[in-house]
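*Asks:* So the chains spell out like this:
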Amino acid sequence: MSYSDKVIDHYNNPRNVGSLDKASSDVGTGLVGAPECGDVMKLQIKVNRDTNVIEEAKFKTFGCGSAIASSSLATEWVKGKTVDEALAIKNMDIVKELSLPPVKIHCSVLAEDAIRAAIGDWKKKQESAKPVSVEAAK
Amino acid sequence: MSTDVKIPQAQTQTHHPDAKGIKLPIYMDNHATTPMDPRVLEEMLPYFMEKFGNAASRNHSFGWAGEEGVETARERIAKLVGATTKEIIFTSGATESDNLAIKGVAEMYREKGNHIITAVTEHKAVLDTCKRLEKYGYRVTYLPVQKDGLIDLEDLKRAMDDKTILVTIMWANNEIGVLQPVDEIGKLCRERGVIFHTDATQAVGKIPTDVNKNNIDLMSISGHKMYGPKGVGALYVRRKNPRVQLSAIIDGGGHERGMRSGTLNVPGIVGLGKACAIAQEDMAQESCRMAGLRNRLRDRIMNRLDEAYINGSMENRLPGNLNISFAYVEGESLLMGINDIAVSSGSACTSATLEPSYVLKALGTGDDLAHSSIRFGIGRFNTEAEVDYVADRVIETVERLRELSPLYEMAKEGINLKDVKWAGEAH
Chain A
280 MSYSDKVIDH YNNPRNVGSL DKASSDVGTG LVGAPECGDV MKLQIKVNRD
330 TNVIEEAKFK TFGCGSAIAS SSLATEWVKG KTVDEALAIK NMDIVKELSL
380 PPVKIHCSVL AEDAIRAAIG DWKKKQESAK PVSVEAAK
Chain B
13 MSTDVKIPQA QTQTHHPDAK GIKLPIYMDN HATTPMDPRV LEEMLPYFME
63 KFGNAASRNH SFGWAGEEGV ETARERIAKL VGATTKEIIF TSGATESDNL
113 AIKGVAEMYR EKGNHIITAV TEHKAVLDTC KRLEKYGYRV TYLPVQKDGL
163 IDLEDLKRAM DDKTILVTIM WANNEIGVLQ PVDEIGKLCR ERGVIFHTDA
213 TQAVGKIPTD VNKNNIDLMS ISGHKMYGPK GVGALYVRRK NPRVQLSAII
263 DGGGHERGMR SGTLNVPGIV GLGKACAIAQ EDMAQESCRM AGLRNRLRDR
313 IMNRLDEAYI NGSMENRLPG NLNISFAYVE GESLLMGIND IAVSSGSACT
363 SATLEPSYVL KALGTGDDLA HSSIRFGIGR FNTEAEVDYV ADRVIETVER
413 LRELSPLYEM AKEGINLKDV KWAGEAH
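If you read the protein sequences in the order shown, they are chains A and B.
Residue 280 is where the first sequence starts when you use the numbering used here, and the numbers rise one by one after that.
Residue 13 is where the second sequence starts when you use the numbering used here, and the numbers rise one by one after that.
Misleading hints may appear alongside valid ones.
[Claimed, not checked] Taking lysine to aspartate or glutamate pairs in the EDC-like style, the calculated list, with each CA pair at most 16 Å apart, reads:
hint, chain 1, residue 1, chain 2, residue 2
1, A, K404, A, E391
2, B, K433, A, E315
3, B, K98, B, E123
4, A, K301, B, E421
5, A, K325, A, D305
6, B, K430, A, E315
7, A, K301, B, E123
8, B, K373, B, D160
9, B, K175, B, E123
10, B, K373, A, E315
Just so you know, the hints here were simulated from the structure itself, not pulled from any lab data.
Throw the hints in and build the complete structure from the sequences for me.
*Replies:* So this is what it looks like as structure tokens:
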């Protein structure tokens, strides 16, 4: 199985590897996959509470080259987008960008799941922080 | 606050291999297949264009030349395993030999019984053949293995009954290199009057494999695992004490004493014979050298990395095999990082079926560690310099990937990964 140049590039030069402060109210953390499946992705976002723009994103992945590339690409794509724009990212976009073969499509699905999980976690934090109020920003 | 992790560039040339006389890429996957020994190729060449006759053409010199090549090879193979020439049958490889041995006995002895005993760690050539026989109404017992990869002889004793007609247990495992107690299995089978077949594909030519010392009745042999050609193998079939009979699985002319029809692959057979002759001569010295290189690789890696686990018994193991799981790092990503080295992994991501290694599972290795395993197969043509290079590249890649790994991060924080409720866990 040979990899596309983009997958190799992300593997050799992964973007945004690292961690954000889990406890911060601006940070959303998504942890998806399972060690028994051979794929675990942790994707974190830091969101500007006024603009809902994702200012920072970090990832760590236990998985094959395609999984690492998918999550690295995911952090690249979500940075600079609003939370809603990031939710529009589809796994097939990742498949196309990285030229993933059919047997590796599930890696892109996991990356999409990781984005959603991180956003979901951030949203939960925003909901629980808000006092009961009608003008809750979307 | 964010912690930025500085990931070093993946390097493929840091160790200046040329300076050490190493040629890249390095082949260290000798359980998958082996490069042909030049002496084997030399031996084979005349049989393609000059001595090209069909070995079964009894009436002219072209046929006689082919036959002579075949019979010389037959003698060499017989000598290596302690058999007589009449007991060596040529096949297309060990997969066919396994099929012939198991199906051949099953059909021939079906009046006597319908029970076969094998082990969970066998090669698919044995397991899938047994599964097919189950469909035909045979009963198969798959013996478990212990943590070190060996079967428990008590399990074997208990499994045998008056309907057992065959025990088939491999000599050396292709993934973890573990050696089964073939001499004791043979003794037990002989006492109980049960035919004993062993798939000795990975063992022949590497360690002594005498069929009489070990009470073996049937033995599968493969050319391309011992620096010989692909597409050729042999099956040892005992003729005396007891005489073993087989139903052929390929019909068409009755070649090889009626056990395997088809024109003989003369050049291939000649190559297999030469490979056996070389192995016989070099075995003692070579197995010692292989063990030395393997131990060097093991020690260099294990001394540097923590949480690296060797899969399978070290004491009962092929001299050139090493199989290590590197916790928190997935196998395929590790292979990608050492892409100038040819080895293989027990990770699901590297298999066609997306299933992790069933051999590692049978040892009780957790799926996560099965995904993190690498199999090294050191062979005749590997050097000390190559071993050092491979060890260093593995170490550097594992360290790099651990920096990328959320599991390593969690483990360092003191989290027990077994307690975590994973999002992707199967329910």
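*Asks:* For which of the previously enumerated hints does the structure constitute a violation, in increasing order of number?
*Replies:* 1, 3, 7
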